[in-house]
Amino acid sequence: MVEPLQLQTAAWALTTTLELALLVQLIRRKLGRLYPLFLTYLLTAIFQSAAIAVLYRYPDLDKVTIWKIAWGTQALVVAMRSLALLELNRKVLAQYVGIWALARRLFLCVAAAIIAYDLMLSTGKWQWLILNGIRALELAMAAVIVTMLLFARYYRVPVNNFQRALAVGFCLYSSFYVINYSLLEKVLKEYAVLWNFLGMFAFIASLLVWTNAATRYVAAEEVPASPAIPAELYGKLSSELNMRLFLLNKQLIQLLHREDKRQ
Amino acid sequence: MSIPVLLLVLFALFLVGLLAWALRPPTRPSKPVLDVFEALAQSRHCSRMSHILNVLHPEDTEYLRETGQLALMQNLRRQRRRIALGYLDQLQQEFEELLEISRVLAVMSPEVIGMEESERWKLSIIFAANCAFLRWKLRWGLQPFSGFTLLSSMAVSIARQLDTATTRIAQATVHASESSPPDDSAIVGH
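Residue numbers (our numbering), protein chains in the order written: chain A, 9 to 271; chain B, 14 to 203.
Derived from the structure by calculation, the hints contain no laboratory data.
Worth double-checking, as some hints may not be accurate.
[What the hints assert, rightly or not] Here are the simulated SDA-like pairs of lysine to any residue, each with C-alpha atoms no more than 25 Å apart in a straight line:
{"#": "1", "chain 1": "A", "residue 1": "Lys-99", "chain 2": "B", "residue 2": "Leu-31"}
{"#": "2", "chain 1": "A", "residue 1": "Lys-71", "chain 2": "A", "residue 2": "Thr-17"}
{"#": "3", "chain 1": "A", "residue 1": "Lys-99", "chain 2": "B", "residue 2": "Arg-116"}
{"#": "4", "chain 1": "B", "residue 1": "Lys-135", "chain 2": "A", "residue 2": "Lys-76"}
{"#": "5", "chain 1": "A", "residue 1": "Lys-99", "chain 2": "A", "residue 2": "Arg-36"}
{"#": "6", "chain 1": "B", "residue 1": "Lys-135", "chain 2": "A", "residue 2": "Thr-155"}
{"#": "7", "chain 1": "A", "residue 1": "Lys-99", "chain 2": "B", "residue 2": "Glu-130"}
{"#": "8", "chain 1": "B", "residue 1": "Lys-135", "chain 2": "A", "residue 2": "Ala-120"}
{"#": "9", "chain 1": "A", "residue 1": "Lys-99", "chain 2": "B", "residue 2": "Ala-33"}
{"#": "10", "chain 1": "B", "residue 1": "Lys-150", "chain 2": "B", "residue 2": "Gln-92"}
{"#": "11", "chain 1": "B", "residue 1": "Lys-135", "chain 2": "A", "residue 2": "Arg-36"}
{"#": "12", "chain 1": "B", "residue 1": "Lys-135", "chain 2": "A", "residue 2": "Ala-119"}
{"#": "13", "chain 1": "A", "residue 1": "Lys-71", "chain 2": "A", "residue 2": "Leu-158"}
{"#": "14", "chain 1": "B", "residue 1": "Lys-135", "chain 2": "B", "residue 2": "Gln-92"}
{"#": "15", "chain 1": "B", "residue 1": "Lys-135", "chain 2": "A", "residue 2": "Gly-106"}
{"#": "16", "chain 1": "A", "residue 1": "Lys-99", "chain 2": "B", "residue 2": "Glu-113"}
{"#": "17", "chain 1": "B", "residue 1": "Lys-135", "chain 2": "A", "residue 2": "Cys-117"}
{"#": "18", "chain 1": "A", "residue 1": "Lys-99", "chain 2": "B", "residue 2": "Ala-84"}
{"#": "19", "chain 1": "A", "residue 1": "Lys-99", "chain 2": "B", "residue 2": "Gln-92"}
{"#": "20", "chain 1": "B", "residue 1": "Lys-135", "chain 2": "A", "residue 2": "Leu-114"}
{"#": "21", "chain 1": "A", "residue 1": "Lys-76", "chain 2": "A", "residue 2": "Lys-99"}
{"#": "22", "chain 1": "A", "residue 1": "Lys-71", "chain 2": "A", "residue 2": "Leu-206"}
{"#": "23", "chain 1": "B", "residue 1": "Lys-135", "chain 2": "B", "residue 2": "Ala-84"}
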C-alpha cells in the first residue's frame, strides 16, 4: 500500500509540473498579457514550491523558522490569488460602468462580513489567528466569485470560457480549503498528512481546469469593450425624446385651443 | 465541531452548489438591445386590466342564475376564468420582458442605483409569488380581485421606473455628445 507521505510527494511533483505546463500555455496563448496578475499568482505558486523544496534540503533548521517561511510564502500566494481574483472580476464587469460600481460595493460588503465572522471564531494563540485569517480570506474569495457569476448571469454579461474556468478553479479550491481546514482543525488531526494530500488534490484539479481552458483559448473569446450607448441606440432614444416633445407640444396646443374656445 | 465552524463548512458547500447553478446556460437567450427597446414601445397588457376585472365579477353573470340557467352560468364563468388565466400568462410574460429591459438599461447605464436594483429583485420575487397564488385561486374558482389589482400596480410601477431610466440614459447621451470634441470628418463631408 502506498504511504500517505509518498502520495503527498507525488502530488507535490505533479502540482509543480502542472504549474509549469500552465505557465507555458499562458505565455504561448499570450494570456499573460491579458491577465498579468494571474500570471504573477502562478509564478508565486511556483516560487512557493521551490522554496519548500529548498527547506526540505535543510532538515536541521528549527521548526519555528520553517513555520514562518512556509506560512509567509502561503500568505504571499493567498494575497496574489486575491489580486488575480480582483483582476478577473474587473475583466468581466468593468466595461459596464454602472454594474461594476454596484458590484464592487456588494463584493466589499460580502467579503467584509465573511472575514469579520471568521475572525470572531479565532481565539487563543496568534498562530490560529493567522490560519483563521487565511481561511476567512479563502471563503470571502469563494463568495465573491459566486456573487460575480450570479451578477453576470442576472445581467446577461458575457463570461468567456477562460474566465469561467478561472472562476471555477478559484472557487473550488477556496471552498475545499475552507472545508478541509475546518475539519482538520477540529476533528481529524490524526489524518493531517492525508488531508494535506487532499488539499493539494483540490489545487491539482484547479490547475487542470485552468490548463485545459488556456489550451482551448482563442483570442476571439475576448469580448471587445462596447460603448455605453451605441450610435443606433442614441438615434432611437433621441427620436423617442423628439416624439415625447412632439406630444407635449400637441397637448399644449390642445390646451390653448380649449382656452381659446372658453374665451 | 462547534456550530459556528459547522456553519462555515455548510456555507462553503452552499457556495459550491451556487457555483454550479450560476454556471448553467441561460434558459432564454438575451435579446439584442434594439429588440428590447422596441418591446418598451409596445402597448402594455396592464392597460386592459379593467376589462378582465369586469368579466370576473360574479354580478356580471348572476342574472343567469335568476333566470334559471345555472349550467350556462357555470360554463360562462369557467370560460372567463380560462381567459383570465391566459391574461395572467401574458402579464407574466410582459413582466419578464420589462425585467429584461431593465437589465439591459442597467448594463448600459453609466450609473446604477443599488436601491432601485434591489427593489426590482424584490418586486420580481413578489410578482412570481403573487402570480402563482393567483393562478391557483383561479383554478379553484375563487375570487382573485385583490391579487389582480396588486399585480397591475406592480407592472405600472416597473414601467414608471423604466421610463425614468430611459430619460436618464438619454440625458447622459446628450451630455456625452456635448462634451466630445468636434469631429473634423463631419465638417469636411464626403
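Checked hints:
Of the pairs offered as hints, the one joining Lys-99(A) and Leu-31(B) holds, with about 21 Å between alpha carbons and a cut-off of 25 Å not exceeded. Using a Cα cut-off of 25 Å, the hinted pair Lys-71(A) and Thr-17(A) holds, with the two alpha carbons roughly 20 Å apart. Of the pairs offered as hints, the one joining Lys-99(A) and Arg-116(B) holds, with about 19 Å between alpha carbons and a cut-off of 25 Å not exceeded. Taking the CA atoms of Lys-135(B) and Lys-76(A), the gap is near 49 Å; set against the 25 Å cutoff, the hint is violated.
Proposed proximity of Lys-99(A) and Arg-36(A) is supported: the alpha carbons are some 20 Å apart, at most 25 Å. At roughly 17 Å between alpha-carbon atoms, Lys-135(B) and Thr-155(A) fall within 25 Å of each other, so this suggested pair holds. Our distance criterion of 25 Å between C-alpha atoms is met by Lys-99(A) and Glu-130(B), whose separation comes to about 22 Å. At most 25 Å may separate the alpha-carbon atoms for a hinted pair to count; Lys-135(B) and Ala-120(A) meet this at roughly 24 Å.
Between Lys-99(A) and Ala-33(B) the alpha-carbon distance is near 21 Å, which keeps this suggested pair within the 25 Å criterion. A threshold of 25 Å between alpha carbons decides the hint, and for Lys-150(B) with Gln-92(B) the separation of about 15 Å falls inside it, so the pair holds. With a C-alpha separation of about 47 Å, the suggested pairing of Lys-135(B) with Arg-36(A) is violated against the 25 Å cut-off. Restraint check: the Cα-Cα separation between Lys-135(B) and Ala-119(A) comes to about 23 Å, which is no more than 25 Å; the hinted pair holds.
Distance restraint check for Lys-71(A) and Leu-158(A): the Cα-Cα separation of roughly 44 Å exceeds the 25 Å cut-off, and the hinted pair is therefore not satisfied. Proposed proximity of Lys-135(B) and Gln-92(B) is contradicted: the alpha carbons are some 33 Å apart, above 25 Å. Taking the CA atoms of Lys-135(B) and Gly-106(A), the gap is about 20 Å. The hint holds against a cut of 25 Å. Restraint check: the Cα-Cα separation between Lys-99(A) and Glu-113(B) comes to about 23 Å, which is no more than 25 Å; the hinted pair holds.
Straight-line distance between C-alpha atoms of Lys-135(B) and Cys-117(A) comes to about 19 Å, which keeps the hinted pair within the 25 Å bound. For the hint pairing Lys-99(A) with Ala-84(B), the CA-to-CA distance comes to about 65 Å; that exceeds 25 Å, so the pair is violated. With a CA separation close to 54 Å, the supplied pair Lys-99(A) and Gln-92(B) exceeds the 25 Å bound. Pair hint Lys-135(B) plus Leu-114(A) holds up; C-alpha atoms about 16 Å apart against a cutoff of 25 Å.
Distance check on the hinted pair: Lys-76(A) and Lys-99(A) sit about 34 Å apart at the alpha-carbon level, beyond 25 Å; violated. Distance restraint check for Lys-71(A) and Leu-206(A): the Cα-Cα separation of roughly 23 Å lies within the 25 Å cut-off, and the hinted pair is therefore satisfied. Simply put, Lys-135(B) and Ala-84(B) have alpha-carbon atoms about 43 Å apart, too far for the 25 Å limit, and the pair is violated.
The structure is inconsistent with the numbered hints 4, 11, 13, 14, 18, 19, 21, 23, although it conforms to all the rest.
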